[in-house]
Amino acid sequence: MSLEYPEDLKYTDSHEYIRLDGDTATIGITAFAVDQLGDIVFLELPEVGDALERGETFGTVESVKAVEDLKAPLSGKVIERNDPLLDAPEQLADDPYGTAWLLKVEVSDGAELDDALSMEEYVALVEGEEG
Amino acid sequence: MSSMTDALRRTPLYDLAIAQKARMTSFSGWEMPVQFGGITQEHQAVRQSVGVFDISHMGKFVLRGEAILTQLQRLVPTDLGGLQPGMAQYTVLLNPQGGIVDDFIIYAQGTDRADLIVNAATTEKDKTWLLAHLSGVELEDWSGDRALLAVQGPDAVVTLQKFVEEDLSNVPKFGHLEGHVLGKPGFMARTGYTGEDGFEVMVEPETGRELWRSLLDAGAVPCGLGARDTLRLEAAMALYGQDIDDTTTPLEAGLGWLVHLDKVPEFIGRDVLVQQKQDGVSRRLIGLQLTGRNIARHDYPVLHSGEPIGKITSGTLSPTLGYPIALASVLADLAKIGQILEVEIRGKSYPATVVKRPFYKR
Chain H
1 MSLEYPEDLK YTDSHEYIRL DGDTATIGIT AFAVDQLGDI VFLELPEVGD ALERGETFGT
61 VESVKAVEDL KAPLSGKVIE RNDPLLDAPE QLADDPYGTA WLLKVEVSDG AELDDALSME
121 EYVALVEGEE G
Chain W
1 MSSMTDALRR TPLYDLAIAQ KARMTSFSGW EMPVQFGGIT QEHQAVRQSV GVFDISHMGK
61 FVLRGEAILT QLQRLVPTDL GGLQPGMAQY TVLLNPQGGI VDDFIIYAQG TDRADLIVNA
121 ATTEKDKTWL LAHLSGVELE DWSGDRALLA VQGPDAVVTL QKFVEEDLSN VPKFGHLEGH
181 VLGKPGFMAR TGYTGEDGFE VMVEPETGRE LWRSLLDAGA VPCGLGARDT LRLEAAMALY
241 GQDIDDTTTP LEAGLGWLVH LDKVPEFIGR DVLVQQKQDG VSRRLIGLQL TGRNIARHDY
301 PVLHSGEPIG KITSGTLSPT LGYPIALASV LADLAKIGQI LEVEIRGKSY PATVVKRPFY
361 KR
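Residue numbers (full-length UniProt numbering), protein chains in the order written: chain H, 1 to 131; chain W, 1 to 362.
Possibly wrong hints are sitting among the right ones.
List of simulated lysine to any residue pairs, SDA-like, C-alpha gap at most 25 Å [claimed, not checked]:
#1 K348/W - D87/H
#2 K21/W - L3/H
#3 K348/W - E47/H
#4 K348/W - D50/H
#5 K348/W - E68/H
#6 K348/W - A51/H
#7 K71/H - Y350/W
#8 K184/W - V62/W
#9 K361/W - L321/W
#10 K348/W - Y300/W
#11 K104/H - E56/H
#12 K21/W - D50/H
#13 K21/W - G128/H
#14 K336/W - L258/W
#15 K184/W - R213/W
#16 K77/H - R146/W
#17 K71/H - T60/H
#18 K348/W - A88/H
#19 K21/W - E56/H
#20 K21/W - S14/H
#21 K71/H - D299/W
#22 K71/H - K21/W
#23 K21/W - E127/H
#24 K71/H - L258/W
#25 K311/W - G99/W
#26 K348/W - T57/H
#27 K21/W - D95/H
#28 K21/W - L86/H
#29 K71/H - G99/W
#30 K21/W - D87/H
#31 K356/W - T291/W
#32 K348/W - D95/H
#33 K311/W - A66/H
#34 K21/W - G49/H
#35 K348/W - T60/H
#36 K348/W - G59/H
#37 K77/H - G38/H
#38 K348/W - E90/H
#39 K21/W - E68/H
#40 K162/W - D141/W
The set of hints was computed from the structure by calculation and includes no laboratory data. What you are looking at is a predicted structure, and each value in this text was computed from that prediction instead of being measured.
I would like the entire structure built from these sequences, with the hints used as guidance.
Shown next, in the form of C-alpha cells:
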C-alpha cells in the first residue's frame with residue numbers, strides 16, 4: 001500500500017500532523033501511524049478548553065495489537081474535538097487527513113511550528129522506519 | 001514501533017509472507033508475520049471460513065526410546081496411560097516446584113516414538129529438560145527443518161482435503177496421521193490454537209511453500225500472530241511466558257483438568273500439586289469481561305476496593321464478542337464467577353467481571 005503525505009501539512013517524528021489555518025491548527029495522525037497501528041479500536045482525547053503542551057501526551061490511540069501515546073505537536077488550547085471519531089475510532093483508517101482529524105487547537109506560539117517536519121523530511125523519516 | 005535485529009531466524013515461508021505484504025515482527029527469536037490484511041479480518045476468516053498460519057517457528061521434537069510414554073509420564077501430571085498411537089494429548093512439563101516448564105502437545109506414534117510440538121521460545125529449554133530427565137531416549141530436533149502450517153476454521157478440513165490423499169473427515173479431534181500432502185509425505189494433526197476445527201500440517205519446506213500457495217488459491221486467508229493471539233485468547237488458551245510460566249502451577253493456571261493425581265503416582269512436581277489440592281491455591285488465572293473499548297493489557301494492575309490483588313496476563317478487544325476480555329492472575333478468594341473487580345488502565349480504574357472461560361466456544 002502506498003501511503004500519502006499531503007505537502008501542505010507539517011509533521012512530527014511521533015507521527016502527528018498539523019494543518020495550520022491562521023492561528024488555528026488541526027491535529028491528526030498520519031497515514032503511516034494508522035497503517036502501523038493496524039485495526040484501531042480505541043481513542044482517548046482531551047476536552048474542549050484543555051491546554052496542550054508541546055511534546056506532552058494529550059491522548060491515546062489503541063489498536064488490537066498496541067497502544068500508543070499521542071504527543072502534542074504544539075502548545076495551545078483545544079477549541080474543537082472530533083467527537084464522532086471517539087465512538088468509531090476505526091474510521092481513522094479511512095481518511096486521517098480529512099474527516100478523521102482529532103483536534104482543532106488555538107495556537108499559542110506559532111514559532112513552535114518552525115521545528116515541525118516538512119512533508120519531504122517526514123517521508124524520509126518513515127521510509128527509514130519501514131526499511 | 002519495534003525494531004528488528006539481524007539475528008532473527010526466518011521460516012521456509014518467510015518470503016511468501018513478504019510477497020503477501022505481511023507486516024513482520026520479532027517473536028521468540030523469529031521474524032514472523034504479525035498481520036496480513038488486518039487482525040480483525042483474519043480473525044473473522046478463521047471464525048467464519050478458513051485461515052492459514054505459518055507456525056514453522058514452533059519447536060518440533062521426535063523422541064525415540066523404549067516405552068517412551070512411560071518415560072514421559074514421569075515428567076507430566078496428565079495420565080498418558082490411555083494415549084493410543086494416532087492420538088495426541090495437550091499437557092505440561094513441570095519443575096519440582098510444580099511450575100510449568102512448558103505447555104505442549106504429545107503426538108503418540110507407537111510404543112517407542114512420540115512427537116512433541118512445543119513453544120518456539122522454550123525449544124532449547126525443553127530440549128535440555130527432556131534430555132536431563134529421560135534416559136535412553138534419542139531426541140531429534142526438527143525445528144529448523146520442517147514447515148508447519150495451521151489450517152483453522154469451519155471450512156478448514158474441506159479446504160485442506162483438496163491437497164491431501166487420505167480422508168481427513170475420519171480423523172477425530174486430537175487425532176493425527178502420516179499421509180500425503182500434494183503427493184509428498186506429511187504429518188497432519190487435528191489440533192490447533194484458535195478454538196476452531198482444523199489441522200496442523202508438518203511437511204518438508206518446499207512442500208510447505210507449495211501448500212501455503214495452494215491454500216491461498218483455494219480461498220484460505222493468510223493470518224499472522226496478531227489474529228492467532230486474539231483467537232486463542234477468546235478460546236482462553238494460555239500463552240506460555242505471558243499467562244503461564246515456571247512460577248505458575250497448572251492448578252493456579254486453571255489447567256486442573258491436566259492433573260490426574262489419582263492415576264499418576266509419580267511425576268516431577270507432584271508433591272506441590274497434592275499440597276495445593278489439599279490447601280487450595282492462593283492465586284488463580286481467571287477470565288475477565290470489561291465494558292467500553294479499553295483493552296486491559298499484560299501487567300496492568302487488577303484491583304479490588306482499590307487494593308491491588310493481581311495482574312492482567314493477556315487482554316484484547318474480542319473481535320467476535322465485541323467487548324474487551326482478559327486473562328488475569330488474582331487472589332483465589334476473589335476469583336469466583338460474577339465477582340466484580342477493577343482494572344487499572346493508564347491511571348484510571350474500570351470495572352471488570354470475572355466470567356467463565358472460555359470466552360468463546362464453537
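Hint by hint, here is what the structure shows:
Among the hinted pairs, K348/W with D87/H is consistent with the structure: their alpha-carbon atoms are about 19 Å apart, no more than 25 Å. Straight-line distance between C-alpha atoms of K21/W and L3/H comes to about 14 Å, which keeps the hinted pair within the 25 Å bound. In summary, the hint linking K348/W to E47/H is supported, as the alpha carbons are separated by about 16 Å, within the 25 Å threshold. With a CA separation close to 19 Å, the supplied pair K348/W and D50/H stays within the 25 Å bound.
A distance of roughly 16 Å separates the Cα atoms of K348/W and E68/H; the hinted pair therefore holds under the 25 Å criterion. The suggested pairing of K348/W with A51/H holds, with an alpha-carbon distance near 20 Å, which does not exceed 25 Å. A distance of roughly 24 Å separates the Cα atoms of K71/H and Y350/W; the hinted pair therefore holds under the 25 Å criterion. Taking the CA atoms of K184/W and V62/W, the gap is about 19 Å. The hint holds against a cut of 25 Å.
A C-alpha spacing of about 11 Å is found between K361/W and L321/W, which places the hinted pair at or below 25 Å, so the restraint holds. Of the supplied pair hints, the one linking K348/W and Y300/W holds, its CA atoms being roughly 11 Å apart against a limit of 25 Å. Distance restraint check for K104/H and E56/H: the Cα-Cα separation of roughly 16 Å lies within the 25 Å cut-off, and the hinted pair is therefore satisfied. Between K21/W and D50/H the alpha-carbon distance is near 41 Å, which puts this suggested pair outside the 25 Å criterion.
A threshold of 25 Å between alpha carbons decides the hint, and for K21/W with G128/H the separation of about 17 Å falls inside it, so the pair holds. With a C-alpha separation of about 21 Å, the suggested pairing of K336/W with L258/W holds against the 25 Å cut-off. Proximity of K184/W to R213/W is assessed by CA-CA distance (about 15 Å); at most 25 Å being required, the pair is judged to hold. For the hint linking K77/H to R146/W, the alpha-carbon distance of about 58 Å lies beyond 25 Å, and the restraint is violated.
Using a Cα cut-off of 25 Å, the hinted pair K71/H and T60/H holds, with the two alpha carbons roughly 9 Å apart. Proposed proximity of K348/W and A88/H is supported: the alpha carbons are some 21 Å apart, at most 25 Å. For the suggested pair K21/W and E56/H, the alpha carbons sit about 34 Å apart, so the restraint of at most 25 Å is broken. In summary, the hint linking K21/W to S14/H is supported, as the alpha carbons are separated by about 24 Å, within the 25 Å threshold.
Proximity of K71/H to D299/W is assessed by CA-CA distance (about 23 Å); at most 25 Å being required, the pair is judged to hold. Taking the CA atoms of K71/H and K21/W, the gap is about 29 Å. The hint is violated against a cut of 25 Å. Our distance criterion of 25 Å between C-alpha atoms is met by K21/W and E127/H, whose separation comes to about 16 Å. Between the alpha carbons of K71/H and L258/W the distance comes to roughly 47 Å, so the proposed pair goes past 25 Å and is violated.
A hinted pair counts as satisfied when its Cα atoms are at most 25 Å apart, and K311/W with G99/W qualifies at roughly 18 Å. Restraint check for K348/W and T57/H: satisfied, since their Cα atoms lie roughly 16 Å apart, inside the 25 Å limit. Of the pairs offered as hints, the one joining K21/W and D95/H holds, with about 21 Å between alpha carbons and a cut-off of 25 Å not exceeded. The straight-line distance between the Cα atoms of K21/W and L86/H is roughly 29 Å, outside the 25 Å bound, and the hint therefore fails.
Restraint check: the Cα-Cα separation between K71/H and G99/W comes to about 42 Å, which exceeds 25 Å; the hinted pair is violated. Our distance criterion of 25 Å between C-alpha atoms is broken by K21/W and D87/H, whose separation comes to about 30 Å. For the proposed pair K356/W and T291/W, the alpha carbon gap of about 16 Å is at most 25 Å, so the pair holds. Using a Cα cut-off of 25 Å, the hinted pair K348/W and D95/H is violated, with the two alpha carbons roughly 30 Å apart.
Note on K311/W and A66/H: the hinted pairing holds, with a Cα-Cα distance of about 18 Å set against a maximum of 25 Å. For the suggested pair K21/W and G49/H, the alpha carbons sit about 42 Å apart, so the restraint of at most 25 Å is broken. As the CA atoms of K348/W and T60/H are separated by approximately 13 Å, the hinted pair is consistent with the 25 Å bound. This hinted pair checks out: K348/W and G59/H have alpha carbons roughly 13 Å apart, not beyond 25 Å.
With a C-alpha separation of about 30 Å, the suggested pair K77/H and G38/H falls outside the 25 Å cut-off, and the hint is violated. Between K348/W and E90/H, the direct Cα distance comes to roughly 23 Å. Compliance with the 25 Å bound is thereby established for this hinted pair. Distance restraint check for K21/W and E68/H: the Cα-Cα separation of roughly 23 Å lies within the 25 Å cut-off, and the hinted pair is therefore satisfied. Taking the CA atoms of K162/W and D141/W, the gap is near 30 Å; set against the 25 Å cutoff, the hint is violated.
Hints 12, 16, 19, 22, 24, 28, 29, 30, 32, 34, 37, 40 from the list above are not met by this structure, while the remaining hints are.
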